[in-house]
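The listed protein sequences derive, respectively, from chains A and B. With the working numbering applied, the first sequence corresponds to residues 8 to 712, in that order. With the working numbering applied, the second sequence corresponds to residues 8 to 712, in that order.
By construction, these hints were calculated from the structure, which means they are not laboratory data. All figures in this text were calculated on a predicted structure; none of them were measured in a lab. For glycine and all other residues, C-beta sits at the position ideal for the given N, C-alpha and C. It is possible that part of the hints are untrue.
Unchecked claim - One-sided excerpt, in silico: chain A residues whose CB lies under 10 angstroms from chain B:
1) Ala95
2) Thr165
3) Gln181
4) Ile327
5) Leu361
6) Thr458
7) Arg459
8) Phe533
9) Asp584
What the hints assert, rightly or not - Non-contacting residues of chain A with respect to chain B, defined by C-beta distances greater than 10 angstroms in every case (computed):
10) Val406
11) Ala409
12) Pro428
13) Ala499
14) Gly585
15) Arg656
16) Gly698
Stated by the list, open to error - Pulled from the structure, derived: some chain A residues nowhere near chain B, Cβ distances all over 12 angstroms:
17) Glu79
18) Gly330
19) Ala408
20) Met554
21) Pro659
Number of protein chains: 2
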Amino acid sequence: MAATDTDTSTDSLGPLLEPASIAIIGASNDPTRIGGRPLLYTRDAGFAGPIYPVNPNRDSVQGLPSFASIGEVPGPVDTAIIAVPAPAVVETTEACAAAGVKAVIIFSAGFAEMGDDGRRHQTAIGQIARSTGMRIVGPNCLGVYNANHGFFGTFTSTFEAGQPRPGRVGLVSQSGAYGSHLSLLATLRGIGIRFWVTTGNECDVDVAETIGWFADHPDVSVIVAYAEGIRDRDRLFASLALAHERRKPVIFQKVGRTEVGADAVRSHTASMAGSDAIYDGVFRQFGVYRATNTEEMLDIAYTASFGIFPASRRVGLMSISGGVGVQMADEAVERGLDVAPMSDAAQAKLKAALPFAAPRNPVDITAHAFNDPGLVGTNLDVMLAEGTYDSIVAFFTYVAAAKAMVGPISDALRAAKTAYPRCLLVLSIVGPPDVITRYEEAGCPVFEDPTRAVRAVDALAHFGDVFARPLPDMTASGPPVVPLPAAPIGEAVAKALLVEAGLRVVDERACATTDAAVAAATTLGFPVALKIASSEIPHKTDIGGVMLGLDSPEEVAQAFADVTGRARMAHPEARLDGVLVSRMVTGGVETIMGVRYDPTFGPVVMFGLGGIFVEVLEDVAFRVAPFDTAEAHRMMRELRGFPLLDGVRGRPRGDLDATASALAALSRFAAAHADGLDSAELNPVVVLPEGQGVVALDALVVPKG
Amino acid sequence: MAATDTDTSTDSLGPLLEPASIAIIGASNDPTRIGGRPLLYTRDAGFAGPIYPVNPNRDSVQGLPSFASIGEVPGPVDTAIIAVPAPAVVETTEACAAAGVKAVIIFSAGFAEMGDDGRRHQTAIGQIARSTGMRIVGPNCLGVYNANHGFFGTFTSTFEAGQPRPGRVGLVSQSGAYGSHLSLLATLRGIGIRFWVTTGNECDVDVAETIGWFADHPDVSVIVAYAEGIRDRDRLFASLALAHERRKPVIFQKVGRTEVGADAVRSHTASMAGSDAIYDGVFRQFGVYRATNTEEMLDIAYTASFGIFPASRRVGLMSISGGVGVQMADEAVERGLDVAPMSDAAQAKLKAALPFAAPRNPVDITAHAFNDPGLVGTNLDVMLAEGTYDSIVAFFTYVAAAKAMVGPISDALRAAKTAYPRCLLVLSIVGPPDVITRYEEAGCPVFEDPTRAVRAVDALAHFGDVFARPLPDMTASGPPVVPLPAAPIGEAVAKALLVEAGLRVVDERACATTDAAVAAATTLGFPVALKIASSEIPHKTDIGGVMLGLDSPEEVAQAFADVTGRARMAHPEARLDGVLVSRMVTGGVETIMGVRYDPTFGPVVMFGLGGIFVEVLEDVAFRVAPFDTAEAHRMMRELRGFPLLDGVRGRPRGDLDATASALAALSRFAAAHADGLDSAELNPVVVLPEGQGVVALDALVVPKG
């Protein structure tokens, strides 16, 4: 990780989220008002430290003595809540800083979301944080809470429907309303949220830093985040790296998926996909699970709370209904889980226990579990001992909630958990809350819907995989490099730069004359390709400046005249540097590799298959540069068209290792030139059959303007 | 619809599902046993007619007089439940038929699912139904119920957790355990199931027939079906056509999606995708919504129960959280809904009502709805009056459940429903059941999750579209045709057959000699293609039997010698009929059209784009033959690669009308030859630019062996 001046140290948010004392500026005597709620909630929750209401118009607020200003508060204040009208916020914030307050939470709206004036005021507030070190949440946020600490610095109205229960989830949301919705649903679902932070307009504290603080906090095991966008790449990466180091799953919902292409930039590669696809790449690179809706986010957080991350994607499926077994298998296969069959010997054992069971996987124990509850234990034992599954999903529906069944089934599950503590055992059961709790206490997450149970296994196996490997090494950018040449960079120079960076380009010769071209072709061997050479003509194919498959000296001579003539016609002012002659590359699969500079994430590498894959299907993968070959291998496998590289339907398998090496090399090049490089495109890059490498036929390198 | 001998008349299942009297054979005095439960449930539910327990070992069962056999029951019996051990089932069923019972439900397991003996017994039972007209449900099923009639002919144990409430959903499930799971979840969700049928091994009554009976029943508005497979195509089609005619949505879950390719057959086309993809085609063709999991199925059924099927895919999104607005927009766009912006004038009105609202669509009314509940009504009015949306999804979360808000918001919704009764208004609210009920009573389906609300709108807009158009005309197979020639059918004959069927094939000449080939090429104009002609060589490209781009008489002469020589080498025994010479077709997009004979659905037509689309991406669409051009247009648009035909990124748009006509013509050909045709493949079929038609370059027609 590149060094950053961002403070992500342990106690950065400590005073904010674990305050010893709080003040509420704009405190209201009416506990249903914005300035009244945090006082009510926090006192009701038994907050241990002093609470100082600040309200110049009252002597007491909700029974506590009130102070005229933050400066008159008698003791030190860790966190002050600011619930005053927007015009008074800057002044109030300054007063807090002057009074030595360590953190403020600004509820007030009317800032950047309201136009230029508001934006100016918000900048002024952010400046206070930077100049004084006082931390600021908001403005325009719904506040924060710490469920174990009795600190509810928020005016959300969701506590009417249920008080948050303590737990090990840290939840951070840019949106206050959506954060409240999530908090409420989590509470109703029985998921305990330890810390809850809404960051609003993020003039100082942001989602990225909060993730890092959660990652470092011993009481948080699972991190849930919601954002519309990220401001600080380095802070995000540092936080995600810390979460990974501590084996804490991060489940992230980032909206705006369908804005793909909104921030299209000039070059062809970049215009293929907008920045949302880059978020996808970043999340994958850092092992984050990207959730697309509330239900998925909470499902995964709930399951992750059990702390078991399967070592493999092998999943055993058990069902009392054959049809549901198939349904779970469909879902598992579509999610890339391995529904591996049991061995013949293991199947024979299950058949012996229940002659009409389907013992392969999915295992159907049929409704006879009703008559013989011991079947559950017998089947589990065989599946765990001989199926070597790292996860099991069992569909018992209402059967497991029947009075006579709860004891035997939960005993069987408990025994299985004791014998195989590293196996993730997920249940699909419909029953009353007390029954569900009993199964949860046996160590098993419980879902009503069997396919949601399978989805949760997929997500946790993802974390199992991610935690078992290092994150990509973001420091591998190599030694400082010489700056790029000034724009425009011609094709030959671009290729030389890439060769120096470790990429292979087609063997070609710059030829200023017809005779030189014919001689080069004869040396390289026919057939050859011939292309106009000029740094001032970017899209050579479009003007007929490229001719392929030239079989003889005569054809080469004619082609020299043709492309030169066409170039002169199309670009009379352009400087021509003769032609490039290269040996034709035949066979292989055409791909595109590119670099673009993303305003948020800096240099990113794009990979896709040529032709319709990129153009029609937008089938491309992104990664932030730099990354290693292992990451490049994962990147390639994300493409829907990957089977083409992997040798589908009798085609030869492409040289995947060479492709990965090329992508990693390109990423190091991109990172090393992060300051000077606008974009690059290698198109096509031909992936030759295994062992024969990859070769770029054309290259464009565009320095920053 | 072709005539069928299947009885789908109104009263086919009347005695079964609305019996005036019932008998329970194997009735148990223990109300927790299989033979005891239906008696308990039905009596408790206040069934109005006589209930006759049959049990030779007791004088009374659960307080009712018991009879020694069905023959001794004193009155007529509409439906008898058979809950006796498998070995006694055949005899018992015969006794029922002899006693004039109109329908039986066989709970007993141990039939086709248990091997050959069981299968024989099941066949014998089915025979009783066919020879006597007595209807039979099962064996190996969990029975049926009619919630309004007090008839609970089932031993499911789910009623412990909640008695089904009356409603307008008809639910049929092959699987008893899964059917019970669905019934329970529907009950917990507040969805009223009117009729519930589990069909088990389906020796007589099946899912298809039950759908038809539901379609015809005045008390059923929504049909939910679960099956692992369908037995009788004509019965299914008739039932689905009836449901469509009565504007009753059918929501179908068919498992086994990932068995794609399992039943691969000989020809190339057929091996591309297995029969599950054909189910997809059938469901689309008949306007069925295919659900992939329980939650989706019940969500759609719940929303459909409100009976509003939007006239268009235009959806307005309203939210108190900007982030959730984006989230709903993402989901809507990905599902192909039209998140059309409001007019500038309408946006100005919303801005006037709330200056910091985002008025475009999604409309963000922010948390200020709290301070001014009238905002909901104001915004709804403007969105409905000026947005011309046929659906609106509104995210209010817990805000709409706050005591002060329920009245104003539900009043606003009620007013909107009165003014715009054809608009589907779906809410996302988290609140206690009594609050949710109030909003439902205002005519609005309520979801906790906003993206699930959007998915429901997508499904209902699907039904809106389907109900507004006729189902494809399955009778358009035309006059009886002459039988196909005997196998093997050569390429020239195959093409002639297809031309006669209305398809266009490349203009080509059969030439027996070199001179004839050269003359033909000269007449057609260069460049030409030349191909070996032989009905005994199916894959001509593989042996080098096809040569393209021949530019001169000399090249044609040489090619004649080449392909003839290669054909003789590869197939020394094959009869050669000279060569086919055709004008080269250039430009356009290569597609594949095919016909296969599906064991369940008969002749089906397949369409895909050439090359990697079919081979790597399995991007193909199926329809049962015959169908019209409107259906063919929908079929084409299902392909992920459709943008290629539609003219993406500057490519010319293909001749879509000609493509649709070709597919419809092929479907009529397939239907007309349903008895004699094994498969056909037109590969490639070049779709030329708009107005230039489509042309098949190669064709294979394989009659049934």
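Inset, instruction - May I ask which of the numbered hints given earlier this structure violates, with the numbers listed in increasing order? - result: Structure breaks hints 1, 5, 8, 9, 10, 11, 15, 18, 19.
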